[in-house]
Amino acid sequence: MNALLSVRDLRLSYDSTQVVHGVDFEVPQGPYGVGLIGESGSGKTTIARALLLLHPIHRGSVAFEGADVSRLRGSDLKAYRRAVQLVFQDGDGSLDPRMSVGANVGEPLVVHRSVPRAVRRDRVAELLAEVGLPEDMIDRYPHQLSGGQRQRVVIARALALEPKLLILDEPTSALDVTVQERVLKLFERLRIERGLAFVLISHNLAVVDRLCESSVVLYRGSVVERGPTASLLSRPRHPYTRALRAAVPEIGVVRPPLTRIGSGTPPDQADNACPYAARCPLAVDRCRTETPALREVDGREVACHRAEDTIEIEPFTTHHDDRKHG
Amino acid sequence: MISIRDLRIAYDGRVVAHVPELDLSAGTIMGIAGESGSGKSQTALAVMGLSGYAGAHVSGSITLDGQELTTKSRREWQTIRGRRIAMIMQSPRAALNPTVTLGTLFRRSLRLHGVSRADSKARMRTALDEVVLSPDILDRYPHQVSGGQAQRFAIALVSALRADVVIADEPTSALDVTVQAEVIEVLRDLRDRHGTAMLFISHDLAVISELADSVTIMRHGEVVESGPTALVMQTPRQVYTRELLAAVPTIRRGDPQ
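Residue numbers (numbering that gives the first Met the number 0), protein chains in the order written: chain A, 0 to 325; chain B, 0 to 256.
A hint or two may mislead.
[Unchecked claim] Pairwise CB distance ranges (calculated):
1) G40/A / S115/B: 51 to 61 Å
2) H56/B / T177/A: 48 to 58 Å
3) G92/A / E75/B: 51 to 61 Å
4) S60/B / Q17/A: 52 to 62 Å
5) Q17/A / S58/B: 40 to 50 Å
6) G36/B / S15/A: 45 to 55 Å
7) Q233/B / R58/A: 48 to 58 Å
8) R107/B / R70/A: 36 to 46 Å
9) P27/A / H56/B: 36 to 46 Å
10) V118/A / A94/B: 46 to 56 Å
11) R251/B / E307/A: 21 to 31 Å
12) S90/B / R48/A: 23 to 33 Å
FYI, nobody ran anything at the bench for these hints, they're computed from the structure.
Because the structure is a prediction, the values reported are computed rather than measured.
Every residue, glycine too, gets a C-beta built ideally from N, C-alpha and C.
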């Protein structure tokens, strides 16, 4: 068992509605990044909440360093909560506006009593320096900072307890591009300096490409493709991964029109159908009657009956105009 | 169609946006790119005649087909806003009245802008068809539709009103990437089908490069660079434009294996 985090057959529900249908992935010891890629409703944020024990695990397991996290109690549970920290999109909403930057960053140190009071301020200053903030920030308040600075404060706080794994939920989506670039560089540096592992939740494929060696593509709570990020993005095999990849606008790349790569809520379909069948341009009868299992194709795992056929098609020219009027 | 000359927008005497010259012709899309505080949304508000409501002072000139807009009264604006110049917002659901169905909303908007009842039905159908929405959507309330559907509905409304100029402020930024791609298509369609002139405001240069015929880059309230999109993106002349382009995250093309 050398994985840091191991997620097995994870099933998650809201009330009686299951939204995550048996998701598996592993996060090796850092420095290493795993991307959870998906759009609204893919279940990626619910998975993150379950990893942080903020959402009940309905079925399946999450193991950290070999131990089932839902069975952790007492000091083991506290150790897990220290080892796994969260950074989310909105630096604004995750800081207490009534507390100074220093108090926000130092709060975990107080709660977990991990540093003696006498040296707490020094420790906070070190953390701020590590994320590239000047020491005099320590007495300022969140509203006095820019969005990028606030996100650095959130990162400093996440680092306070020496975590092994950071869960990053869209950590740069609210930032301007030049600020985003600097925050991405910070993550790249921290990853190496601290040997951190990341689970990065994002719909931004370019950001995932920067920070994650491997990725998991989720569609409506199921894994549709999983493998090395570079192969997934350069040669996507699942039609949904291809649609995602083709939908990313790029400077200087002229694409054919891709109207109708599918959006909104697809119609309800049989439980035993492929979850993507209703949107899929390649769907055949079998896709509507038999849920495809993950299987190895071309150096990654794909849940698609037609994964072999997708190689014939260039990802940037497949979305021919099949819009229906009326 | 729209001409801006020496436009200055100021709050309490402090200029937050200065646009020396900007010309937008029919059937073209101009992207205005910039980061927070660049003045891009302030420029959009001024073209919509809404700066006064936000407490800003506007000087210089904005003309629509030669007609000066900055001196129009509130009453005069009522016949321009919506009918000739319309806006598409970032959060489409927040921009729709939550207490009425989309159908009611659509009919009221058309009636307000003087479209007859008989005419409005036909226009509604065509406009929904253009944005690939089924007419069933008219029976739903804003909270019952997805973000992408709401944005396409907003575009249908603008199309049905036959607005000559559309100001779109970050219309795809809140959307999932596949939905964003669809909305980009629908906006491009609107331009090609009706010759709509569009100011497309975005922080996302990649989206602008896909959609806009020309681009204006703003920073700290000033225009840094402007020109045909391909030219500006391929041979940026200003340092800041190069920085902005370099910061756009890209996906590796090759497979390192």
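Do the hints match the structure? See the list:
1. G40/A / S115/B: 51 to 61 Å: violated (41 Å)
2. H56/B / T177/A: 48 to 58 Å: With a Cβ separation near 30 Å, H56/B and T177/A fall outside 48 to 58 Å, so the hint is violated.
3. G92/A / E75/B: 51 to 61 Å: violated (42 Å)
4. S60/B / Q17/A: 52 to 62 Å: Roughly 60 Å apart at Cβ, these two residues keep to the hinted range, so it holds.
5. Q17/A / S58/B: 40 to 50 Å: Violated: the Cβ-Cβ distance is about 59 Å, outside 40 to 50 Å.
6. G36/B / S15/A: 45 to 55 Å: Roughly 47 Å apart at Cβ, these two residues keep to the hinted range, so it holds.
7. Q233/B / R58/A: 48 to 58 Å: holds (53 Å)
8. R107/B / R70/A: 36 to 46 Å: Cβ of R107/B to Cβ of R70/A: about 58 Å, so the range 36 to 46 Å is violated.
9. P27/A / H56/B: 36 to 46 Å: violated (59 Å)
10. V118/A / A94/B: 46 to 56 Å: The hinted range 46 to 56 Å holds for V118/A and A94/B, with Cβ atoms some 51 Å apart.
11. R251/B / E307/A: 21 to 31 Å: holds (24 Å)
12. S90/B / R48/A: 23 to 33 Å: holds (24 Å)
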